[in-house]
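Chemist: Order-wise, the sequence lines are chains R and D.
Position 21 of the first sequence, counted from 1, bears residue number 21 in the numbering used here, the numbering being contiguous throughout.
Position 137 of the second sequence, counted from 1, bears residue number 137 in the numbering used here, the numbering being contiguous throughout.
Lysine-lysine pairs mimicking PhoX-like chemistry, simulated, CA-CA at most 20 Å apart: (1) D:Lys-122 to R:Lys-20; (2) D:Lys-270 to R:Lys-243; (3) D:Lys-182 to R:Lys-167; (4) D:Lys-216 to D:Lys-182; (5) R:Lys-233 to D:Lys-277; (6) R:Lys-245 to D:Lys-270.
If you're looking for bench data, these hints aren't it; they were derived computationally from the structure.
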Amino acid sequence: MKVLVPVKRVIDYNVKVRVKADGSGVDLANVKMSMNPFDEISVEAAIRMKEAGVASEVVVVSIGDAKSMETLRTALAMGADRGIMIEAPEATEIEPLAVAKILKAVVDEEQPQLVIAGKQAIDNDMNATGQMLAALLGWGQATFASALEIADGKAQVTREVDGGLQKIEVALPAIVTTDLRLNEPRYASLPNIMKAKKKPVAEKTAADYGVDTTPRLKVVATEEPAGREAGIKVGSVGELVEKLKERALV
Amino acid sequence: MSVLLLAEVAGGALALDATAKSASAASALGPVTALVCGPAEAAATAAGIAGIDKVLHCADDSVANGLAENLSALILQLAGGVTHIVAPATNSGKNVLPRVAALLDAMVITDVTKVLDANTFKRPIYAGNAIQTVQSQDAVKVLSIRTAAFEAAATGNAAPVETVTLSDAPALSAHLEDMVVKSDRPELSSAKVVVSGGRGVGSEADFALISGLADKLGAAVGASRAAVDSGFAANDLQVGQTGKVVAPDLYVAVGISGAIQHLAGMKDSKVIVAINKDEDAPIFQVADYGLVADLFDAVPELTGTL
Ligand SMILES: Cc1cc2nc3c(=O)[nH]c(=O)nc-3n(C[C@H](O)[C@H](O)[C@H](O)COP(=O)(O)OP(=O)(O)OC[C@H]3O[C@@H](n4cnc5c(N)ncnc54)[C@H](O)[C@@H]3O)c2cc1C
Ligand SMILES: Nc1ncnc2c1ncn2[C@@H]1O[C@H](COP(=O)(O)O)[C@@H](O)[C@H]1O
Numbered sequence: 001m002k003v004l005v006p007v008k009r010v011i012d013y014n015v016k017v018r019v020k021a022d023g024s025g026v027d028l029a030n031v032k033m034s035m036n037p038f039d040e041i042s043v044e045a046a047i048r049m050k051e052a053g054v055a056s057e058v059v060v061v062s063i064g065d066a067k068s069m070e071t072l073r074t075a076l077a078m079g080a081d082r083g084i085m086i087e088a089p090e091a092t093e094i095e096p097l098a099v100a101k102i103l104k105a106v107v108d109e110e111q112p113q114l115v116i117a118g119k120q121a122i123d124n125d126m127n128a129t130g131q132m133l134a135a136l137l138g139w140g141q142a143t144f145a146s147a148l149e150i151a152d153g154k155a156q157v158t159r160e161v162d163g164g165l166q167k168i169e170v171a172l173p174a175i176v177t178t179d180l181r182l183n184e185p186r187y188a189s190l191p192n193i194m195k196a197k198k199k200p201v202a203e204k205t206a207a208d209y210g211v212d213t214t215p216r217l218k219v220v221a222t223e224e225p226a227g228r229e230a231g232i233k234v235g236s237v238g239e240l241v242e243k244l245k246e247r248a249l250v
Numbered sequence: 001m002s003v004l005l006l007a008e009v010a011g012g013a014l015a016l017d018a019t020a021k022s023a024s025a026a027s028a029l030g031p032v033t034a035l036v037c038g039p040a041e042a043a044a045t046a047a048g049i050a051g052i053d054k055v056l057h058c059a060d061d062s063v064a065n066g067l068a069e070n071l072s073a074l075i076l077q078l079a080g081g082v083t084h085i086v087a088p089a090t091n092s093g094k095n096v097l098p099r100v101a102a103l104l105d106a107m108v109i110t111d112v113t114k115v116l117d118a119n120t121f122k123r124p125i126y127a128g129n130a131i132q133t134v135q136s137q138d139a140v141k142v143l144s145i146r147t148a149a150f151e152a153a154a155t156g157n158a159a160p161v162e163t164v165t166l167s168d169a170p171a172l173s174a175h176l177e178d179m180v181v182k183s184d185r186p187e188l189s190s191a192k193v194v195v196s197g198g199r200g201v202g203s204e205a206d207f208a209l210i211s212g213l214a215d216k217l218g219a220a221v222g223a224s225r226a227a228v229d230s231g232f233a234a235n236d237l238q239v240g241q242t243g244k245v246v247a248p249d250l251y252v253a254v255g256i257s258g259a260i261q262h263l264a265g266m267k268d269s270k271v272i273v274a275i276n277k278d279e280d281a282p283i284f285q286v287a288d289y290g291l292v293a294d295l296f297d298a299v300p301e302l303t304g305t306l
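One chain only, chain D, in its complex shape (with noise of 0.2 Å):
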């Protein structure tokens, strides 16, 4: 068995917590290569990563915006022999997986959070109320990652790192432009605080009050979707079944009632801090510690406290 794992870069470099997660869960399937298309820093960085083997550099400019048609060609013209094509399920992963797994005429499978062998996994489904144990028989098994599900594997380690390049890109698409905002609070995703406002902050200017209580605590920021789609918060702040899934050690919740699709990309917190001037709001079913107040008088108490 061997595996093919596709590193997660993004903004120019190797996102190591996503490659590192999702490492450690492709390891327990046989020895990994990493495919890591971007710049070379990005190559030496996975190949610092516990439980990678290989790395395989690839700095064409085709693949450099994760454009699926060339990428997934790249994949596929690297996969012969192997048993298993990983990615972190990111949106670039989802992107990419399936089209990889139909050219192969195998069934993707997505968000897994459980490797139980070679060829049984488990995945949420339903928004997480829900968990499907699934067995693939399919030759080569092409499975995302649920990052938020896995340790990171340790670094310290030294891969090998060899140069790649696609032979034949099928440039049916082309990059335009990123609108990427940089930010220097830690990256939702990883975080070990999140702060998330939603739909009860009720202003873009007031949102002000959700960052500057994340700022306070180091943490990451997220958002409901109906702050996003207000206009609140940018949209790769959605947490949630359709936007990202976060496991922090503690997630704060402010004015988010607590729909299902929320709590299906935080209920896995450890612990949930939930403030609400709704003393019935189903966020507090979940939550570890509930405030039932008014968010424009607990958020900037908080805030001074800390």
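The shape of chain R in the complex, shown without the other chains (with noise of 0.2 Å):
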């Protein structure tokens, strides 16, 4: 079985980013970029199904202009067989609805029996690109996966959901979307990141698969969130108890 895993770069976790001066969008310039998290979860979960012989091949894609190629090669790096890197706006500037049309004519391409996204991108924090793709294609989805098993054609996943968790079955070709509790992601070694160096990756262009990337949306401004005012500090858990009754909250 083939694994499809489509892989974004995004800015890294750790980065608070800040809205530019002229409210134009947010400053990405000399700011640390990395795969999004979700998505290292989701490679994790397609090699230790390729480990467990569940799967045969693990493809990764990304979407962007070309430094998504770094990237790729760190999903290769940690264990995904080749890569298919697809020329286009910035990742962050591309919507999920051109992104799932692209990943569409990819799944055409490449007929894998899963595809497995990252629940959200933490840059635009849309959540939605897996389930674009899984409408696109008329696939079944099971969105926000903590546990995932393949056997007699199906994937049975365990959902986080609002109250807790969901069990489902979805028949393949299916597409998942991984949380956070999923699995741990591995880090790339130093032989595997030289490796992943030599692995194939094809190149592309979105106008390849006739796909108009212009975005639906237009972004009209980019405020800075409301502040807050500063706060105290108190001294006891007495002070803090007066504080809290004097604003009636307890």
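Bring the two chains, given one by one in their own frames, into a single complex with the hints.
Modeler: Here you go:
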């Protein structure tokens, strides 16, 4: 079974972004970029399936400007077999709908039985691409997975839902999106980073797939969120209770 | 203009708070038809929410568990002539809305915090460190509503209820079981007071300190990702960028450092209290009242005093 994993290059999760002074967007100049953390979890899940003999090949795909190649190489160093680099506008600028359309074309070509995407990209916080891809393919979807098992042409998935957990079964081929508790991704070792440089990566463009990446949503403004007024430190539990009583909170 | 609102049903009952808050966002956009998938009582409750003009009730088993393929087929079946499709940005809303949007060739707009006009919406990006205003040109706008940013619509309405059924369920997935813990505490997303514990609490056993304080305050219990990952608290209690977003009157953070991903889920709370033994913990930068103390001393004392 072939598994396809889309990986996105995003701002590193440790960076606190700032809005540009002119309100035209966020400042990404000289900011550390990494693979979207949920995508690391997806890559890990796919590699474990290969190690367990469930998957035969793990193909990773990234859509964005040329720098997304780094993200692909990271996935290859973790253990993915080959990559597809699809040149398009910078990853943060392409909307999930366009990404899903490109991924659909990749799926049509590659015919994987399973696509494992992240539940959410931590830049746009959209949480949409996996569900959109499932819709375009007419496939079943299992989002927010914290456990995943493949058996008898089906995926059994435990999902993180509002009140706890839900277990569902999806017929393959299907889309799974990963949540934080699915696994702990490995680090790529130095020898594997070296080996990854020789793994094959096909280079394409969004236009090769005939997909228009023009955004549907026009960004009218980008602002800083409202700040909070500075608070105070209290010296004791007694003082804390007094303050809360003054504001009728306890 | 007209709106189809997907009501939130949880544990066999209408989630009134999430639905009423989404209804107040939706009613700014036009007459609202609410779709309720669940028992008849849930539909009746939804019919009582102000701003809902009509309720469509679907009691089919195929949509009872929120399976995205079936539910989106039903929404599409009912969406003829609709200009907006709206749902609360709960996990169930987030599961189904992007699927609906893609089927309509529309770009979904998730986590809307403000409706400016029929086409223009505000939403947070980068863990809430920036707020974007976006304008949609799609024929049908598909939006999920960040409920913490809206007031709940009033109740006391009596909208008519009509029964609908899904004509053709894709049946690509099947529901096996729910593993849902019933709690007598208030629900996290709608509670007036939330007490959250982090890694500093140290163990699942000691997390009883957090629930003890919560019970004293009539509060919901929340947790940081580290507390959930360590098994101190259930996954559905995670507050943050990739968990639940809350904005209670009072949020008490205990043994939580205040990572940006956590702040994203609670920094719009009216009053924030932080208890942490590290005086430099970033949580103190957003706290109205910070107490630098060992939680194993401070929390029992606080629970005892209240
Ligand atoms: C993709 C991604 C998504 C994420 N999503 C979320 C999310 O939704 N929500 C979330 O919370 N996090 C999220 N995180 C994790 C986040 O980055 C932090 O790792 C996490 O919030 C830290 O949890 P914590 O504050 O409990 O633990 P720590 O950062 O380890 O802090 C523990 C705190 O407890 C204090 N402490 C220890 N002992 C005591 C004591 N005895 N008395 C008093 N204080 C004590 C310490 O001083 C410290 O400040 C996410 C991370 C990633 C990469
Ligand atoms: N430009 C991209 N390239 C590759 N994968 C992407 C891209 N954008 C989104 N994805 C995938 O879709 C998931 C969810 O992203 P989003 O819907 O933007 O929150 C990510 O975790 C990735 O798996």
